[in-house]
Amino acid sequence: MAIERQVTEGEEPVSPFARLFSLPGHGVFNIVTIGCKTEGNPSTIVEGLKNTLINHPRFSSILVTGHGEYKGKAKWIPTKVKVEDHVIVPDIDPNIENPDEYLENYTSRMALSPMDMSKPLWEFHLLKLKTSHAEYVFLARFHHSLGDGMSLMSLLLACARKIYDPEALPTFVAPKKSKAKNVCFALVAWLWFIVRVMFHTCVEVIKSMVFICCARGASAHIIAKPGATLSTNKFIHQIIKLDDVKMVKNAMNMTVNDVLFGMVQAGLFQYLNQRFDLQTSSKSRKILDKQCLHGVVFFNLRPNRDIEDLANMMAKGSKCRWGNSIGYVLIPLEMKSSANVFEYVRQSKTIMDRKKHSFEPLFSHGLLKLTMEVFGFKALTILLKRIFGSTTMIFSNVVGPTEEISLFGHQICYIGASSYGIPQELIINVQSYVDKLIINIGVDVEVIPDPHHLCDLIIEALHKMKSAAPQKIFHASEV
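Numbering (the UniProt record's numbering), first residue to last: 1 to 479.
Some hints here could point you the wrong way.
Below, simulated DSSO-like cross-link-like pairs (lysine-lysine); rule was C-alpha separation at most 30 Å, straight line [as the list claims (entries may be wrong)]:
id, residue 1, residue 2
1, K234, K80
2, K241, K378
3, K128, K75
4, K241, K207
5, K37, K246
6, K349, K241
7, K241, K75
8, K82, K207
9, K37, K241
10, K249, K336
To be clear, the hints were calculated from the coordinates, so they are not data collected in a lab.
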């Protein structure tokens with residue numbers, strides 16, 4: 001369908017990654033679930049969107065690729081936005097039997113439905129639905145060409161305000177400041193840091209290239225049929241206490257991310273082990289022990305920006321770096337039985353520390369960009385299929401506000417995010433909000449038919465760590 005050009009000023013070229021995400025058959029979306037403590041008011045939400053989100057250039061522009069006079073070009077064309085066309089309020093039976101299941105099914109249907117490319121690529125669904133965790137639910141869908149998950153989440157939170165200070169923007173955990181050190185010691189530490197970074201970069205990049213070149217997809221297909229088409233088509237989420245994770249973190253002197261990834265590994269191992277026990281022979285279980293499964297972890301490559309920059313962008317039209325700026329690293333998954341559940345966390349920390357002290361995320365971003373610019377989109381598509389077709393899961397962890405917030409006058413009780421369109425059978429996103437952690441799992445039900453059980457096993461791994469944590473602290477104090 002031809003798209004009428006409405007505004008001539010302000011046209012912007014489309015970035016290569018945005019073009020990739022908009023190609024037929026490659027649509028990638030970010031799905032955000034927002035639970036509210038009070039019933040929603042659609043008119044208030046529409047008015048709030050008019051005053052914030054659509055003032056961002058990407059949210060008031062049409063993505064044009066190869067239509068009419070734009071044949072062979074790709075541009076963002078500013079347009080007049082009718083917010084009401086982007087806000088959907090479905091009719092829901094107030095006496096619905098299972099609201100949580102209805103939300104899961106609605107999210108899955110929304111993710112799978114096509115998006116109208118003749119309008120700006122975003123939409124809000126307002127569900128008058130009382131679930132186990134919320135009185136009302138917002139569902140937001142953003143096309144990935146608008147920006148990466150970190151950018152979109154930050155922009156959405158820039159529209160929010162603190163509950164106890166309606167004029168203040170949300171507060172996030174401030175990075176720890178390094179203590180003052182002796183100049184000579186600081187110089188030696190800096191030189192040692194450079195050596196470590198260069199060493200780990202060489203090792204991790206070589207391992208990554210060997211994996212991409214030699215992987216045959218056997219690891220991914222341990223729980224899937226070879227050649228199966230993988231497309232995430234069911235989303236679930238569970239909420240746990242952040243303090244439980246922090247308790248384990250403090251006991252082991254590690255980071256929250258280390259504990260979360262260790263939980264995921266422990267839960268995934270138990271899930272696969274149970275599946276093998278029930279469905280396959282002991283020979284196959286031995287194969288599982290020998291296999292080295294890999295996961296993909298995304299890193300944000302954009303310099304940290306204050307949320308005020310994004311708020312000013314919407315309020316005053318100021319400039320702020322935007323787009324898809326993410327890299328990935330390949331993480332081997334610990335798929336061996338261990339009597340000590342903390343081993344999964346230790347393994348996660350060891351691997352994550354090597355990845356953090358390397359330029360592998362920058363290399364991976366550069367590899368994708370170089371492949372696209374030199375060999376074209378077809379070659380990039382082949383490369384991406386090889387990466388995601390040879391890995392078992394995608395994992396990401398996003399830090400949220402530390403204080404309760406409201407969005408367009410609606411008090412928020414939780415925020416969850418996930419992605420759809422990536423050729424991967426398991427996508428796990430963890431989002432923090434005040435004292436909660438929201439675990440979001442997206443699966444291909446033909447590969448993982450019981451995602452709730454997988455999520456329960458991940459949470460069970462945390463409970464085991466939490467039970468053993470006081471004993472670990474006691475032994476440490478004795479030493």
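Hints, one by one, checked against the model:
Simply put, K234 and K80 have alpha-carbon atoms about 34 Å apart, too far for the 30 Å limit, and the pair is violated. Under the criterion of a C-alpha separation no larger than 30 Å, the hint pairing K241 with K378 is inconsistent with the structure, at around 44 Å. Annotation: proposed proximity of K128 to K75 is violated, straight-line Cα distance about 37 Å (limit 30 Å). A distance of roughly 36 Å separates the Cα atoms of K241 and K207; the hinted pair therefore is violated under the 30 Å criterion.
With a C-alpha separation of about 25 Å, the suggested pair K37 and K246 falls inside the 30 Å cut-off, and the hint holds. For the suggested pair K349 and K241, the alpha carbons sit about 21 Å apart, so the restraint of at most 30 Å is met. Only pairs whose Cα atoms come within 30 Å are accepted, and K241 paired with K75 is rejected, the gap being roughly 44 Å. Under the criterion of a C-alpha separation no larger than 30 Å, the hint pairing K82 with K207 is inconsistent with the structure, at around 50 Å.
For a cut-off of 30 Å, the pair hint linking K37 to K241 stands: about 18 Å separates their Cα positions. As the CA atoms of K249 and K336 are separated by approximately 22 Å, the hinted pair is consistent with the 30 Å bound.
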